[in-house]
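Protein chains in written order, with our numbering: chain L, 1 to 288; chain G, 1 to 283.
These are calculated hints, taken from the structure and not from any lab test.
C-beta atoms are modelled at their ideal positions from N, C-alpha and C, and glycine is treated no differently.
It is possible that some hints are incorrect.
[Said to hold, decoys possible] Which residues of chain L face chain G? A partial, calculated answer using Cβ under 7 angstroms:
hint	residue
1	13
2	15
3	18
4	30
5	33
6	90
7	105
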Amino acid sequence: MSSKPANHAYLFVAPFLLCFALLFLLPLGYAAYLSLFKDQLVGGTVFVGLDNYGRALQDGRLLGGVGRVALFFLVQVPIMLLVALAVALAVDSGLLRLARLVRLGTFLPYAVPSVVATLMCGYLYGPDFGPLAQLGDRLGFDPPDLLGDGWLLVSLGNIVTWEFAGYNMIILYSALRTVPAERYEAAAIDGAGPWRVAWHIKIPALRPALLLALIFSVIGSFQLFAEPNLLQRLAPTVIDSAYTPNLYAYHLAFTSQQVNYAAAVSFLLGLVILVVSYVVLFLTSRRR
Amino acid sequence: MRSRRSTTLTIGMLALLVYFLFPLFWLVVASTKSTADLFSTFGLWFAGDFSLIGNIRATFTHNGGEYARWMANTLVYAVISAAGATSLATLAGYGFAHYAFRGRGPLLGLILGTVMVPTTALAIPTYLVFSEAGLVNTPWAVILPSLVSPFGLFLMWIYARDAVPGDLLEAARIDGAGELAIFFRVVLRSLVPGSVTVLLFTLVATWNNYFLPLIMLNDPRYYPITVGLSSWSAQAVGGTGANAELLAAVVTGSLLSIVPLIAAFLLLQRYWQSGLSTGAVKE
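Take the sequences, apply the hints, and build the full model.
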C-alpha cells in the first residue's frame, strides 16, 4: 500500500526533473567541457586542461570587474535593504497615514523592466535634457556629471536601488504580517512603544527574510548586466567591455569569439556568487 | 495604539514615495512631448504642445510596426514561459512534499542548491548548447530556458508541505481515489495561491528578461520588447541625425511597455503580498 503512491511520485516530479536535466545540468556540463579547450589559429581546438581558469585568475580586466561589483555590493545593498526595512516597518507600524499608497508606490518600480528603468534614468542623468542639467543651465550652476567617471557607480547604484528596494520591502513586509499577534500583546502589556516593538520583536523576527533578501542581492549585484550594458552608450569612455564580469563574459563570447574562455569566465563568476552567498550565510548564522 | 498616527513618519515616507514615483512621472510627462520639445522644454512639466497621440502613432508605425510585434512576442514568451514554469514547479513541489521516493532528499538538495546559480552565468552555457541544437534565433531559445525555475520549485515545495494536510490525502486514498484524481480534485485548489505567486514572478522575470534574448536572438522579428527598445535607443542616441524623431518613440514605447505589468500587479495585489513571504518565513 505504501509503495503504490511512491511510484506515482515520478509522475509529478519527472517533468520538472527532465527539464532541469536538459536545460540546467546539460548546459552547465557542456560549458564545463568546453572550458577545458582552446581554439587556436594553428592546430584548431586543443585540450588545455585548466589553462583557461588559470588565465582568468590572472586576467586583470576580469578581476577589476569582480572588484567593482564587490564594491557595488558592499555599498548599494546595505542602503537598499535599509530603505526596504524602513518602509516595511513604517507600513506595518500602524502609525502611518496612506500606508497602502506608500506600499504600492514603493513596489511599483519592480514592474518596470531594467531596460526601461535604465533608459529612463539615462535620460534623467544625461546632459541633453535631464532635469538636473536643465536646472543647472537655468540657475547657473555646474551640475555634477552623473555619467562621468566619478559618479557612474553611484548612478548605477541609484538605478538598482530604485528598481529593487520595493521588491525587498514586500519580502520583509509580508514576513512581518506573519508575526504572531500574541507577541505584540505581551509587549503592549509590558508598556513597550512602537519603536521598542520594532527593535525587540519585529527586527529579530525578520532575520530569515532579511537573509533571503541579502542572498538575492548577492546574486543581483554580481551578475549586473542590463544597466551597465545600456549606460555604455551614454558613457562609452567610462564603461568599457569589462566594467562588470558579466559584461566581460558577453564581450568574450560574442565580440571576440573566445567561446571557451567565456565559458570558463561564466563558471568562475557562478562560483564567486556561490562562495559569497555561503560566506553571507555563514557569517549571519554564526552570530545567532 | 493603532489610532495614533505619526505625521513625521508619514512625511518621511511620502518623501521616499516621491523618490520612487519621480522617474515614472518624468516618463509620463516626456511621452507627451515631441523630440524637439524634449530638448527645449523643462523635463518635469508638460510642454505647450500635447504630442502623446502622435508619439503613440509614431511608436506603432516606425519601421513597419515592429513595436507591436515586439509587444506580442513578449506577451507570448512571458505567458508560455510563466505558465510552463508554474505547472512544472507546482507538480514537482507537490511530488517532493508528499511522496517518499528513492532519491528524494539528494534530488531536492541538488535543485535547491542551484537556486543560487545566477541566470546570467547559465545563459552563455545555454547559448552554447542551443547553438549546437540549432535552437538559437528561434522563439524556443527564449522560452525553454525560462521553464525551469528552481526558486519556483522551492516556493511550491514549502507551500505544498504546509497547505496540503497529509490526513486529507490518506482519507482520499482510503476512499479509493487515484493519485492523479486526488491531485486535480483535492490538492490543486489549495495550491492555487502559491501557484499564482510563482506565476506572477516568473511572468515578471520573462517579461523583463534582457540578457537571454539579447544573446539568443539576431532577428528583430523575434525580439521581445526589452531588446527591441534597447535597439531603438541605440539608434536614437543624442536625438540628432536621421533618427531624431525616434527618441520620442523610445520614450513613449517605454511607457506603453510597462502598462500591462503594472496593471497585472495592481489586479493581483492579494497574491504577491501574501505569497512572497512563503520562502522567507519558513526555514
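Results of checking the hints against the structure:
| no. | hint | result |
| --- | --- | --- |
| 1 | 13 | holds (4 angstroms) |
| 2 | 15 | holds (5 angstroms) |
| 3 | 18 | violated (9 angstroms) |
| 4 | 30 | holds (5 angstroms) |
| 5 | 33 | violated (10 angstroms) |
| 6 | 90 | holds (5 angstroms) |
| 7 | 105 | holds (5 angstroms) |
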